[in-house]
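S.K.: Which chain is which? The protein sequence lines are L and E, in order.
Count along the first sequence from 1, add 1089, and you get the number used in the numbering used here.
Count along the second sequence from 1, add 1, and you get the number used in the numbering used here.
Honestly, the hints are just simulated from the structure, not real lab data.
Honestly, I wouldn't trust all of these hints.
Rough simulated footprint, nothing fancy, chain E against chain L, three-plus residues with beta-carbon under 8 Å [claimed, not checked]:
no.	segment
1	1183-1190
2	1356-1367
Derived pair list, reagent style DSS-like, types lysine-lysine, alpha-carbon separation capped at 30 Å [said to hold, decoys possible]:
no.	chain 1	residue 1	chain 2	residue 2
3	L	LYS1131	E	LYS80
4	L	LYS1127	E	LYS83
5	E	LYS130	L	LYS1096
Just so we're clear, the structure is a prediction, and the values are computed from it rather than from any experiment.
All C-beta atoms, glycine included, are put in the ideal place defined by N, C-alpha and C.
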Amino acid sequence: MLPFEIKELVLGVISGESRSISRALSLVENNGDVTADKLLQKVYPYGGNSRVVGITGATGVGKSSLICGLARQIRKRGQTVGIISIDPTSPTSGGAFLGDRLRMQELALDSGVFIRSVAGGKDSVASMTRKIFPLMHVMEASGKHFVFIETMGSGQDDCLISKVAQTTLYVTIPDLGDEIQAMKAGVVEAADAVVVNKADSPNKDKAVASWKNIITMDTRKHGAWKVPVLTSNSLTGEGIDAIVSCIDAHERHMKDSGEWERRKKDSIREEVKLLALSKLRDQLEFNLNEKEMGALLERRSDPLVFVDKFLKKRR
Amino acid sequence: MLRVLIAKPGLDGHDRGAKVVARALRDAGFEVIYTGIRQTPEMIAESALQEDVDCVGLSLLSGSHMTLFPKVAELIKEKGMKDVLLFGGGIIPSDDMRKLKKFGVEKVFGPGTPTNEIVRFLRERLQNKAKRRKQ
């Protein structure tokens, strides 16, 4: 791409023009090359003004439908919304089936909403794509008031989302494990709010009680944000109001307590680290030839020997 | 990576065919975005724009293909996506298939088409794009 083309694309992005946002997202997602880097550098100064909310939780708990409800509510206030929804890439074919948009199609014709489905890639990290920060910067630069980032159906250890987003909602459903599950470390403790979705289940109250019981045990810090346990039903829209209010309240709390700045710095540190590791990764080749593989199969050598060798061979 | 939007315009809810094709394309290495059933041409075109897809596949079994397919083609062009390949599938008479090509629906696959035929068609038609992306 020529310099003036990049400039034009950036102008399109910051004026919120859909075609430009769409192309820019593709560029930063696909190419780790000069064009993508240049585009990102030009876009970066325009970011940092959106309210970034992360939505995470196991597969099938209703993350996409919940985002649809939240976006609908936020649009009523006249604010605009960008949505980045991530689904897994096939480790064998490299293809993907991206099915999050389907739950949000009622927003498809709202010019104040931009939805982008993203495949995690074979090198995904913590149930997200390695390109999550660049994608977020483009979305932010387009001037959206809110940016929602939806992780893949996530595991217990996928905490990166809480560094990318300013507020992280952990979505769960009734009957998905008992109190002991809620006591475990990991993504559960990274949540700023727990949402028990599909609240039409008769076991809703039990689930809420369990979560509340565990969360009130948090003795780590005084004056800290008290993680609320909320409920929602995406079919009826019940509980959506309260979740939006909670997102707003969390912002106020963070700004009053200095947490806002602290998290911003944390997020930048995380981005730099992720970028550095990704670049390093691109410089390495981890191919074992047949002789090397033979040595490992017969245990005449060990993996560490080859790691050192690969690191030395760095381009 | 090639991206394809699979959508069902119109009011019929028979999405088995669309799902089979979506699944086959996933296994052939495509990134498939599935919009689900009951989509208007406007929803499909806007989704194709936001998702920056290389091709759009439409599935329809209700008989309204001569109204809805050309409308999608028209809207996609209107939005400036001149290099998006449009194809379709469903119970569509061969006479209509020919007519649809004039409206910009490059190929329509009938019932019983082996999925690898669809994969081959898309790979052939999109190979230049795939090459450019890799560079």
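S.K.: Look at each hint and say if it fits the structure.
M.R.: Each hint tested on the structure:
no., hint, in the structure
1, 1183-1190, "holds (count 7)"
2, 1356-1367, "violated (count 0)"
3, L:LYS1131 / E:LYS80, "25 Å, holds"
4, L:LYS1127 / E:LYS83, "26 Å, holds"
5, E:LYS130 / L:LYS1096, "23 Å, holds"
Checked against the numbered hints given earlier, this structure breaks only hint 2.
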